[in-house]
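Listed here are the chains, written in short residue letters.
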Amino acid sequence: MIKLAIYGKGGIGKSTVCANLAFCLAQAGRRVLQIGCDPKADSTIALRGGERLLSVLEGMRQKGLSLAADDVLRVGAGGVLCAETGGPVPGMGCAGRGIAAALEFLEKQDVCGRFGIDTVLYDVLGDVVCGGFAVPMRKGFARHVLIVTSGESMAVYAAANIAMAVRNFRGRGYAVMGGFVVNRRDVPDEDERVNTLAADFDAPVLAEMERSSAVQDAERLGRTVTEAFPDSPVAGQFRALADAVRTRFAAEGE
Amino acid sequence: MRNTACSIPTYASDTSGVCSALYELGGMTVVHDSSGCNSTYSTFDEPRWYDRESLIFITGLTEAEAIFGREDRLLDDVAAAAAEFSPAFIALCGSPMPFILGTDYAALAGELEERCGLPVLGLPTTGIRTYLSGADLAWTALLQRFCDDVRPASAVTINILGATPLDLGLNGSVDSMKAFFEGRGITVNACLAMGGSLAELRRLGAAAANLVVASSGIGPALYLKRRFGTPFVAGQPIGLFAEDVLAALVRAAESGTDMSPCSAHHGGEGDILVAGEAVAAASLACALERETGRACRVFCPLGRGGEALAAGDVLLDAEDEERAAELFAGAGAIVADPLYRPVCPKGTPFLPLGHVAFSGRCHLGTIPDMTARPLAEAFDLSFGKSHGGKA
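In order, the protein sequences belong to chains A and V. Take my numbering: the last position of the first sequence gets the number 265, and nothing is skipped along the way. Take my numbering: the last position of the second sequence gets the number 410, and nothing is skipped along the way.
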C-alpha cells in the first residue's frame with residue numbers, strides 16, 4: 012500500500028504534481044485514490060476534465076447522516092478515484108476541523124477496501140497551519156510525506172517548516188519524510204538550495220520537474236500534462252517520479 | 020428536525036459517559052478541557068461523586084495552549100499525577116475545544132504510555148455525542164486491553180453490561196439484579212461497571228451469556244461475542260418482565276443466540292409512550308404492558324439501541340424538542356423524565372420517572388428500584404393524574 016501526503020507552500024504546484032503522479036501510477040497499474048484536502052476543492056479538477064466534485068463537507072451539509080461515499084467519489088482520468096474534502100468559504104468556519112471530519116468520514120466508509128485501492132494520495136493545502144491539516148499524516152492515514160518545493164526562499168522556508176512538523180511528530184507513529192519533489196522556478200542556485208534542504212532533513216530529492224508551458228496548456232484543456240502531452244519532457248519527469256514512488260514506497264504493507 | 024432543545028435539557032455527553040463508565044475501575048480519567056469543567060462531568064452528571072472517590076482530572080486547557088498546541092504541559096501533568104496516584108490505567112478523553120483543534124488522543128496516549136509505563140487509553144470523545152457512545156467507547160477500549168482469555172466454567176453464569184448511574188440511578192438496582200439472578204441459580208460473574216472492578220472486567224469472558232441493561236453495553240457485548248462467542252440478551256429485569264429476561268438468558272446461554280426480549284412490547288400505535296434510553300424504555304414498556312394491559316411504544320432520542328426496540332418505535336439520531344413534542348402529542352399516556360413535561364400536552368396522563376443522564380441529580384431520589392417487583396409498588400399505574408405542562 013502506498014499512502015502519501017503531499018505538502019508544500021501555497022501555489023508551488025502540489026495539485027499539479029499530485030494529479031500527474033496519480034495518473035502515472037494508475038497507468039502503471041495501481042488502483043489510486045486522490046483526496047484533495049483543501050477548501051477550494053480543486054485538487055482533482057485536471058483528472059475530471061475541469062469538472063468539480065461534490066466535496067465531502069458540502070455533501071455532509073446537504074445530506075447530513077445519509078451521505079454515502081458514492082455521493083462524493085468519482086472516477087477520473089486513468090481510472091483514478093477522486094474525492095475532495097472541501098471546506099468553508101474563506102474567512103469563515105474552521106478548515107482544519109473540516110479536513111479532519113471529511114477524512115474520518117472517508118475512513119469510516121472503508122473506501123480503500125470497497126474499491127480495492129492500493130495507493131492513496133492526500134493533496135494537502137499549504138503549510139501545516141493547525142492540527143486539522145496534520146490529520147493526513149496521522150497514523151492510519153499517510154505513511155510518507157512528500158514536500159513539493161522550488162529553490163525560491165519562501166518555498167524552501169515553508170518546506171523546512173513542514174519537514175520540522177513531520178520531525179516533531181516522531182514517536183507518535185505518524186507519517187515519516189518520504190522526500191522532496193522539485194518544481195523548478197529557475198531561480199539562481201536552485202539545485203544547491205534544494206539539496207541543502209534535503210540534506211538538512213536527511214531525505215531524498217525524488218524527482219525534478221522542469222518549468223514547462225505544457226503543464227498550463229494541459230490544465231487549460233482540463234487535463235493533466237501526462238495525459239494531454241505524454242511525449243513532453245515534463246511528462247517523462249512525472250513518470251520518473253511515479254517510478255521512484257513505486258520503487259521506494261510500494262513494498263510496505265503489500 | 021432542527022435539533023433544538025429550548026424548554027428541555029440535553030442528555031449527558033460522551034465525556035460524562037467515559038467518566039461514569041470508568042468511575043469504579045481503579046484508573047485515572049483525564050478530560051482535556053478548561054479548568055472548572057470537572058463540575059460538569061463529575062458533579063452534575065455523577066451522583067457517586069460525593070460518596071466515593073475516583074481519580075478524575077481536568078487538564079486545565081488554556082487559550083494560549085489551544086492556540087499554540089502546547090500538549091507538552093498536558094503530558095507533564097498527567098505523568099506527574101500518575102506517578103503520585105499510581106492508577107491501574109489512564110484514560111485520556113476530550114471535550115469540544117480539543118475536538119475542534121483536532122487533538123490526536125491515540126497519539127498522546129502512545130506517548131504517555133511510553134513515559135508512564137502504564138496502559139493508556141486514548142478516547143476521542145467530542146463532548147457533542149451522547150453519554151452512551153462515551154461509555155461504550157471507554158469499556159470497549161478497556162476490554163481490548165484487559166480482558167483475560169478465560170472461558171465459562173458454567174452454563175448458568177452471566178455478566179451485566181452497561182450499568183452506570185446515568186441510566187440506573189443510585190437505588191440499589193444492580194444489587195437487586197444480582198440477588199434476583201443468584202436467587203434463581205444464576206451466577207453473576209461480573210458487572211460492567213457499577214459495583215464492578217478491573218479484576219471483574221478481566222474475567223468477562225467467563226460468562227455463558229451477557230445481559231445488556233443499557234445500550235452503552237452493546238459495544239462491549241459485541242466485542243465479547245467476537246472474542247469469546249458469548250451471546251447477549253438486551254433487557255432490564257424490571258417488574259414482571261424480569262421473568263422474561265431470565266428465560267431469555269437461559270435460552271441464549273444454551274443456544275448461543277442473541278436475544279432481545281424487551282423488543283416484544285407492542286410498539287407502533289401503542290397507547291402509552293415511554294421515552295428514554297432504548298433498553299430501559301423498552302423493558303419498562305414490556306413491564307407496563309404486563310401490569311396495565313395497555314399497549315406501549317418507545318421513543319428514544321439517543322440514536323442507539325435499535326436492537327431493543329419494536330417495530331414502530333421511534334429512534335432518533337439526534338435530540339429534537341419539536342419531534343419529541345409531536346410524539347408526545349399523540350400519546351394516550353406518557354412515561355418520561357419529569358423535565359420532558361414542558362413539551363408534553365396538558366391533560367395527558369404523565370408518569371414521571373427520573374433519568375440521571377437527562378435531569379442529573381434533580382430527581383435522583385425519586386428513581387425507584389424496579390427490579391423483579393411489581394411496578395404497582397413503585398407507581399400509580401392508573402395514570403390518573405395529569406401534569407401542569409403548557410398546552
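Among the hints, a few may not be true.
[As the list claims (entries may be wrong)] Pairwise CB distance ranges (calculated):
{"id": "1", "chain 1": "V", "residue 1": "244", "chain 2": "A", "residue 2": "103", "range": "44 to 52 Å"}
{"id": "2", "chain 1": "A", "residue 1": "90", "chain 2": "V", "residue 2": "169", "range": "47 to 55 Å"}
{"id": "3", "chain 1": "A", "residue 1": "61", "chain 2": "V", "residue 2": "361", "range": "21 to 29 Å"}
{"id": "4", "chain 1": "A", "residue 1": "219", "chain 2": "V", "residue 2": "83", "range": "13 to 21 Å"}
{"id": "5", "chain 1": "A", "residue 1": "227", "chain 2": "V", "residue 2": "344", "range": "53 to 61 Å"}
{"id": "6", "chain 1": "V", "residue 1": "115", "chain 2": "A", "residue 2": "42", "range": "32 to 40 Å"}
{"id": "7", "chain 1": "A", "residue 1": "77", "chain 2": "V", "residue 2": "23", "range": "17 to 25 Å"}
[To be verified] Examples of chain A residues toward chain V, derived with CB under 10 Å:
{"id": "8", "residue": "145"}
{"id": "9", "residue": "150"}
{"id": "10", "residue": "184"}
No lab work stands behind these hints, which were simulated from the structure alone. Built from N, CA and C at the ideal position, the CB exists for glycine as well.
Right, here's what the structure says about each hint:
no.: 1; hint: 244(V) to 103(A): 44 to 52 Å; in the structure: holds, 45 Å
no.: 2; hint: 90(A) to 169(V): 47 to 55 Å; in the structure: holds, 50 Å
no.: 3; hint: 61(A) to 361(V): 21 to 29 Å; in the structure: violated, 54 Å
no.: 4; hint: 219(A) to 83(V): 13 to 21 Å; in the structure: violated, 42 Å
no.: 5; hint: 227(A) to 344(V): 53 to 61 Å; in the structure: holds, 59 Å
no.: 6; hint: 115(V) to 42(A): 32 to 40 Å; in the structure: holds, 38 Å
no.: 7; hint: 77(A) to 23(V): 17 to 25 Å; in the structure: holds, 20 Å
no.: 8; hint: 145; in the structure: holds, 7 Å
no.: 9; hint: 150; in the structure: holds, 7 Å
no.: 10; hint: 184; in the structure: holds, 6 Å
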